[in-house]
Amino acid sequence: MYDQFLYGTEAAINGLMTGVMYSLVALGFVLIFKASGIFNYAQGVMALFGALTLVGIQSGQVPFAGIINAIFGTNIQHFGWTVPAVAAIILTIGVMVLFAWLVERYLLKHLVNQEPIILFMATIGLAYFMEGVGDLMWGSNIKKIDLPIPQGINETIDSLTYDWFGYGFYIDNLDITAAIISVFLVVALTIFSQYSTTGRALRAVADDHQAALSVGISLRKIWVIVWGIAGFIALVAGVMWGAKSGVQFSLSLITLKALPVLMLGGFTSIPGAIIGGMIIGVGEKVFEFIVSSSWFGDFMGFTMNATENWFAYVLALVFLVFRPQGLFGDKIIERV
Amino acid sequence: MSDGYVTPDGRTIGGKVLEMRNITLRFGGVVAIKDISFDIREGEIRAIIGPNGAGKSSMLNVINGFYHPQEGEIWFHGEVRKPMKPYQIAKQGIARTFQNIALFKGMSTLDNIMTGRFNHMKTNILAQMVWKGPAAREEAENREIVEKVIDFLEIQAIRKTPVGALPYGLQKRVELGRALAAQPKLLLLDEPMAGMNVEEKEDMSRFILDVNDEFGTTIALIEHDMGVVMDISDRVVVMDYGKKIGDGTPDEVRNNQAVIDAYLGVDHG
Numbered sequence: 003m004y005d006q007f008l009y010g011t012e013a014a015i016n017g018l019m020t021g022v023m024y025s026l027v028a029l030g031f032v033l034i035f036k037a038s039g040i041f042n043y044a045q046g047v048m049a050l051f052g053a054l055t056l057v058g059i060q061s062g063q064v065p066f067a068g069i070i071n072a073i074f075g076t077n078i079q080h081f082g083w084t085v086p087a088v089a090a091i092i093l094t095i096g097v098m099v100l101f102a103w104l105v106e107r108y109l110l111k112h113l114v115n116q117e118p119i120i121l122f123m124a125t126i127g128l129a130y131f132m133e134g135v136g137d138l139m140w141g142s143n144i145k146k147i148d149l150p151i152p153q154g155i156n157e158t159i160d161s162l163t164y165d166w167f168g169y170g171f172y173i174d175n176l177d178i179t180a181a182i183i184s185v186f187l188v189v190a191l192t193i194f195s196q197y198s199t200t201g202r203a204l205r206a207v208a209d210d211h212q213a214a215l216s217v218g219i220s221l222r223k224i225w226v227i228v229w230g231i232a233g234f235i236a237l238v239a240g241v242m243w244g245a246k247s248g249v250q251f252s253l254s255l256i257t258l259k260a261l262p263v264l265m266l267g268g269f270t271s272i273p274g275a276i277i278g279g280m281i282i283g284v285g286e287k288v289f290e291f292i293v294s295s296s297w298f299g300d301f302m303g304f305t306m307n308a309t310e311n312w313f314a315y316v317l318a319l320v321f322l323v324f325r326p327q328g329l330f331g332d333k334i335i336e337r338v
Numbered sequence: 049m050s051d052g053y054v055t056p057d058g059r060t061i062g063g064k065v066l067e068m069r070n071i072t073l074r075f076g077g078v079v080a081i082k083d084i085s086f087d088i089r090e091g092e093i094r095a096i097i098g099p100n101g102a103g104k105s106s107m108l109n110v111i112n113g114f115y116h117p118q119e120g121e122i123w124f125h126g127e128v129r130k131p132m133k134p135y136q137i138a139k140q141g142i143a144r145t146f147q148n149i150a151l152f153k154g155m156s157t158l159d160n161i162m163t164g165r166f167n168h169m170k171t172n173i174l175a176q177m178v179w180k181g182p183a184a185r186e187e188a189e190n191r192e193i194v195e196k197v198i199d200f201l202e203i204q205a206i207r208k209t210p211v212g213a214l215p216y217g218l219q220k221r222v223e224l225g226r227a228l229a230a231q232p233k234l235l236l237l238d239e240p241m242a243g244m245n246v247e248e249k250e251d252m253s254r255f256i257l258d259v260n261d262e263f264g265t266t267i268a269l270i271e272h273d274m275g276v277v278m279d280i281s282d283r284v285v286v287m288d289y290g291k292k293i294g295d296g297t298p299d300e301v302r303n304n305q306a307v308i309d310a311y312l313g314v315d316h317g
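Chains as they are written, first to last, in our numbering: chain E, 3 to 338; chain F, 49 to 317.
Source of the hints: derived by calculation from the structure; they are not laboratory data. Incorrect hints may appear among the rest.
Unchecked claim - Subject to a maximum C-alpha distance of 30 angstroms in a straight line, what follows is the list of computed DSS-like cross-link-like pairs (lysine-lysine):
1) F/K249 with E/K223
2) F/K291 with E/K111
3) F/K180 with E/K223
4) E/K223 with F/K133
5) F/K130 with F/K196
6) F/K153 with F/K64
7) E/K111 with F/K249
8) F/K139 with F/K196
9) F/K139 with E/K223
10) F/K82 with E/K223
11) F/K249 with F/K196
12) F/K249 with F/K64
13) F/K208 with F/K170
14) F/K208 with F/K64
15) E/K223 with F/K130
16) F/K64 with F/K82
17) F/K208 with F/K180
18) F/K153 with E/K111
19) F/K233 with E/K223
20) F/K153 with F/K291
21) F/K196 with E/K111
22) F/K153 with E/K223
23) F/K139 with E/K111
Quick caveat, the model's predicted, so the values are computed rather than measured.
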């Protein structure tokens, strides 16, 4: 039983780390939803696009090489240089900000005051458009993130836990790094939105568009900032998930993992996105651990596998029934 | 009255801050404002009154740029104002409050009033991220002005309270505070006393008079309570069915037959 407890704890810690990475995706959603009431389906594709762009720039790949070669009959693929990691990251952030500006200029601007469902449809369109552009720009092969991110088992934790409990926990350095970066991002964002002028303007726009305009806040500028920040977060999420499983197009599906996180944490709460992610991460790992274990089988007469695929959604459904605003979301009270 | 005038209580009113010339505003086939001209002078309290649906709020929305009139010119500080976005007009020094309070409900009183300083805060987003240095200094300077506004409106006790949790009368006061924090050249108040009890109305009247008196702020207000309007305003524009039917001092307006008809309900046919 003691062994089982240790394995369970290990599963929970790993779940916590994965959960933080779900949070990272959910965070981008919350920011955009708060500021503009748009549920941005494209957040996952933004993560993919960010990671693709980073790898592409860093490895000196020629963007749109396929099209260029087809038109001019050339065969260029690479510039023949590689860009240092830091420069590549800065350039990629630049691309994400430019993307935010384009979205505002050519999409949001024309959809002001439309129904939420129309805005949602627009972001679905945006998602597929970006996926296509990402493919055209950088090609569809699986890419490897080439950043000095620590990976593999954390020896310190392994030997420490072995000394303490007689069983070494397997915790991946990548997960630890991702968790630290996520927590740092959340703290930084929270401080920024609480105490800076722009942060206050962000919250003002989230609260009341007309009032924000009346004190001199330009909605369009704020939207560019919000989408820029969301793009940056997407980039971080894309790099972390990309480092885990390679930068491939299925990366965009992490959007679907962020959904239950949002339902749990509430669509309007930054801390909610984090806590929600952790609950789901821990929940699905521990649940899987319990229902697949032999003593559960002895007790119930059956075991279950691959529960990770649906656990989060069932949990979200339960929340929808009993607490539709999520753990931290604003309760909507209609006055009659 | 081309170069201002002196009020009965001895305040000197200056030149035109804002002049509306032949403004017409239509929504499709509905004419909300029909060929209205009037001016607002430096240092005065100017009221716009009229029965429900007369187009008063539309007029305020034209002044602060939520609506754009189809015809007419708006002169601000002696220049024709080209069509602008509301936030650009706010930058020019026109602040306002709303008929149905438009506060940032999730934010504290202090933060709400700080947003009023938005136009005066110049550091860019990168400096704000660094925080230490220019951004922190700017924050401190503006915070000082906001604290003065809070003292002035006697709302120290609710500085940290989220405004959504405040009673109606206080919310109205916080909204006034947010507009005041901008140190506007022209302050627009859309029914600042609507839904208030007598005591709250007296408080609000006193604040409006004090703002005008202490800071010399030019104020244009819409109000339904005739007693209040006649007491505090220097000149009154009367609207009915989108048209201007009277303009002058409270006494002149009170004795204007068209105004009396509009309020007592003479057949418009």
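Right, here's what the structure says about each hint:
no. : hint               : verdict
1   : F/K249 with E/K223 : 38 angstroms, violated
2   : F/K291 with E/K111 : 34 angstroms, violated
3   : F/K180 with E/K223 : 24 angstroms, holds
4   : E/K223 with F/K133 : 13 angstroms, holds
5   : F/K130 with F/K196 : 34 angstroms, violated
6   : F/K153 with F/K64  : 36 angstroms, violated
7   : E/K111 with F/K249 : 41 angstroms, violated
8   : F/K139 with F/K196 : 21 angstroms, holds
9   : F/K139 with E/K223 : 15 angstroms, holds
10  : F/K82 with E/K223  : 34 angstroms, violated
11  : F/K249 with F/K196 : 22 angstroms, holds
12  : F/K249 with F/K64  : 29 angstroms, holds
13  : F/K208 with F/K170 : 25 angstroms, holds
14  : F/K208 with F/K64  : 39 angstroms, violated
15  : E/K223 with F/K130 : 21 angstroms, holds
16  : F/K64 with F/K82   : 22 angstroms, holds
17  : F/K208 with F/K180 : 24 angstroms, holds
18  : F/K153 with E/K111 : 25 angstroms, holds
19  : F/K233 with E/K223 : 25 angstroms, holds
20  : F/K153 with F/K291 : 36 angstroms, violated
21  : F/K196 with E/K111 : 38 angstroms, violated
22  : F/K153 with E/K223 : 22 angstroms, holds
23  : F/K139 with E/K111 : 21 angstroms, holds
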